[in-house]
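Asker: In case you want the letters, here they are:
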Amino acid sequence: MIDILSKRYLYFLLSFIIIVPGLVFLAVDGLPLSIDFTGGSLFEITFSDGQALDTEAINAIYEEAGIDDAQVTTTDTGSVIIRSSFLTNEVRDQILTAMKSEAGGDVTVISFDSVGPTIGAQVASRAALAVGVAALGVVVYITLAFRKVQNAFRYGVCAVIAMAHDVAVVFSVAGIGARFFEWQIDALFLTALLTVIGFSVQDKVVVFDRIRENATSLRRLEYETLVNHSIVQTLQRSINTQLMTVEFLLLSLALFGGVTLQEFAVILLVGLLSGTYSSIFVAAPILVLWEKREWSTWFGRGASA
Amino acid sequence: MIRNLTNRIILIVLILTLALWVDLSDEINVLNPVSNEALFSRNVEPRLGLDLQGGLQVLLEADIPADQQVEGDAMEIARDIVQQRTDALGVNENVIQIAGDRRIVGEFPGLEDTESVLATIQQTGLMEFVDTGDYGPEEGTILVTDYSPTGQPVEAVEGGETVYHTIMTGAELDSVTVSPDQLGVNYVINFVLKSEGSQVFAEHTGANVGKFLTITLDKQVISSPVIQDRIDGGQGSISGNFTAESANAFAVQLRYGSLPVPLKIVETRIIGPTLGADSLDKSLRAGLIGMAIVALFMILYYRLPGIVAVLSILIYATIAFAVFKWFHFTLTLPGIAGFLLSTGAALDANILIFERLKEELRNGKNLTQAVDQGWTRAWSSIRDSNLSAIITSLILFWFGSTFGATIVKGFSLTLALGVIISLFTAIYVTRTLLALFLKGFKPNNYDLWFGI
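Sequences listed follow chains V and C, in order. With the first letter of the first sequence counted as 1, position 152 gets the number 153 in my numbering; the numbers rise by one all the way through. With the first letter of the second sequence counted as 1, position 33 gets the number 45 in my numbering; the numbers rise by one all the way through.
Hints in this document: simulated from the structure, not taken from any laboratory. Each residue gets a CB set at the ideal place from its N, CA and C atoms; glycine is no exception. Careful, some of the hints might be misleading.
FRET-style restraints, in silico, Cβ to Cβ [what the hints assert, rightly or not]:
1. C:N253 <-> V:D77: 47 to 55 angstroms
2. C:A78 <-> V:V25: 31 to 39 angstroms
3. C:E173 <-> V:T56: 44 to 52 angstroms
4. V:W291 <-> C:L312: 38 to 46 angstroms
5. V:P118 <-> C:E215: 46 to 54 angstroms
One chain only, chain V, in its complex shape (with noise of 0.2 angstroms):
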């Protein structure tokens, strides 16, 4: 049988390595929050072939309009979103007639969204609420499922400790998405996140419930053989339902699925990957050190394990 958890310490270093870059640009760029969470509005419009207003310009009608902090991008499709403060409808209707004379065509709204401060704030606090509910709600759920094994706590703790894992993960994609493509961490962003959270845990309840059920007919064996023999028995599982249906799913939603799901079907890739990941590089590796108290050994002293 393949020795999967005697190199634990080598999953370890390599969650090491996939969280920290991202989370690097996020401490340095800041957090590349949304309107939804901030507030202020995004205007996307096309104009007419050969008639579109420079930057300059829709600065300039911004500005008479009284907002002053407008950012014009241009994308590759060609339309132009101009990024700036809350715009009430009546400010909107003026910045667009105004941009209709100037530029003396038709210009076409592709979207528009405007989100007031005081929401966005409440949008941003009670969003870290959700995730905090469903950590408590996840940690309570698994306990009482396994109230019949030995430390039935130490498997929701453990679930969790990897399920902070999958959201470092998604933060540490966020990072590097935010600041190679100008990703943003907006309301679709927190849905993807709470699905990973929420099959973060399918994933890790399907190794525990298999080392619940050998727990009990193959007790006489070394707890961390027992562990490494219910991750083999699940391994062919965890592939054929994680890399061949789930990933499939959405790498072909991410390739072909358009732009506003692709950053959300990146996401989710990158999110419910690391999901079956973490349940059996790092949640089952916790579990045994947990046992064996390993962190006695970390620092040169006590005997090895």
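Guided by the hints, dock chain C onto chain V, whose structure is given.
Answerer: Chain C alone, transformed into the frame defined by chain V:
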């Protein structure tokens, strides 16, 4: 290995037939065979979200201090008024929902002219009948009247503007209808007053024949007719330069009066129609490609059970789509993603079972035992893992509904329901179908048929 196989198959066929019926029709009608009257009828047209067909979404918030509670059912009434106002404007299928305890989210699919909708929502619709004596103001003039909603009368200031007397307000209106005028060119608004209003109206018109009676909406003159005669019985009409559309819009404002709580717009989202159509096509195609690859993999890897699983996923999709249509779910892009993920959960349940099945076969169990064991042993992990997914979906749903974030709601609802339906198909349908296959066919070569 399965008792009453026939009953199970009958049940599955029944559910599948019902689901297909809902899937393929826009409206479900059950007729009384004798009288041919409809016993039951339900519209099951698919609803596309704003992100798929374009449109306008606004989030309205009660415009009162943050520490002040909205009283009683004020939000309910405000919601109804917003719904009625916008419905009567002829904008179809719009969805107005309460979000949290002080917000209303309004969605107007397929709409490009946002100004008319926003104007209609924000109208306070205070209608007054004003005595302007010998003065016949032009349409659009702003009048100062002595009525104010707070109940404190506005008093004339020396040397200031003239303050006109309000005889009564739109609150006295009983019903309002719209009809073409005698020439059939313009439209008139006919109204019937409540009894107290009729009294006031009759007295005033009797005493002021030949004078102007000006009708204002939010202090703006709509029409200023000369009183021709005493009007008894509380019935009258307002004529002006009304088209069918403007007369209707006006009538709506008269009918539904002012909002019980002031509303302000805190969020506006407009999605252009081209972006929506593009997203729908692409996501559906992406979903189909993904599903095809997954089906191919399942069949190649799991052989006979794989074929059964793919069949069962098709049944799952048929049922899920019917449930979504029946409960009027709005189909959104994240909703499609949620659906795909729940398909993944459905497959996961199948994979867990089949892996167990193969394991038992490898351990030398015979086929019947292996199938039984596969299901019994995989059940606890299927149950526990799916429950955790449902818990997170519920938290997401709660989060989405407080802020009118309909995309988040759509995603969590499709995910949660999808997971529940997938449990049924994995546990019940797959097992029944596999038993049915194995009944008429006894494979000996496990390597070929089960891929062990």
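Asker: Determine for every hint whether it applies to the structure shown.
Answerer: A quick look at each hint next to the structure:
1. C:N253 <-> V:D77: 47 to 55 angstroms: Holds, at about 49 angstroms.
2. C:A78 <-> V:V25: 31 to 39 angstroms: Once the Cβ atoms are compared, 38 angstroms apart, the range 31 to 39 angstroms for V25 of chain V and A78 of chain C holds.
3. C:E173 <-> V:T56: 44 to 52 angstroms: holds (47 angstroms)
4. V:W291 <-> C:L312: 38 to 46 angstroms: holds (40 angstroms)
5. V:P118 <-> C:E215: 46 to 54 angstroms: For E215 of chain C against P118 of chain V, whose Cβ atoms are near 52 angstroms apart, the range 46 to 54 angstroms holds.
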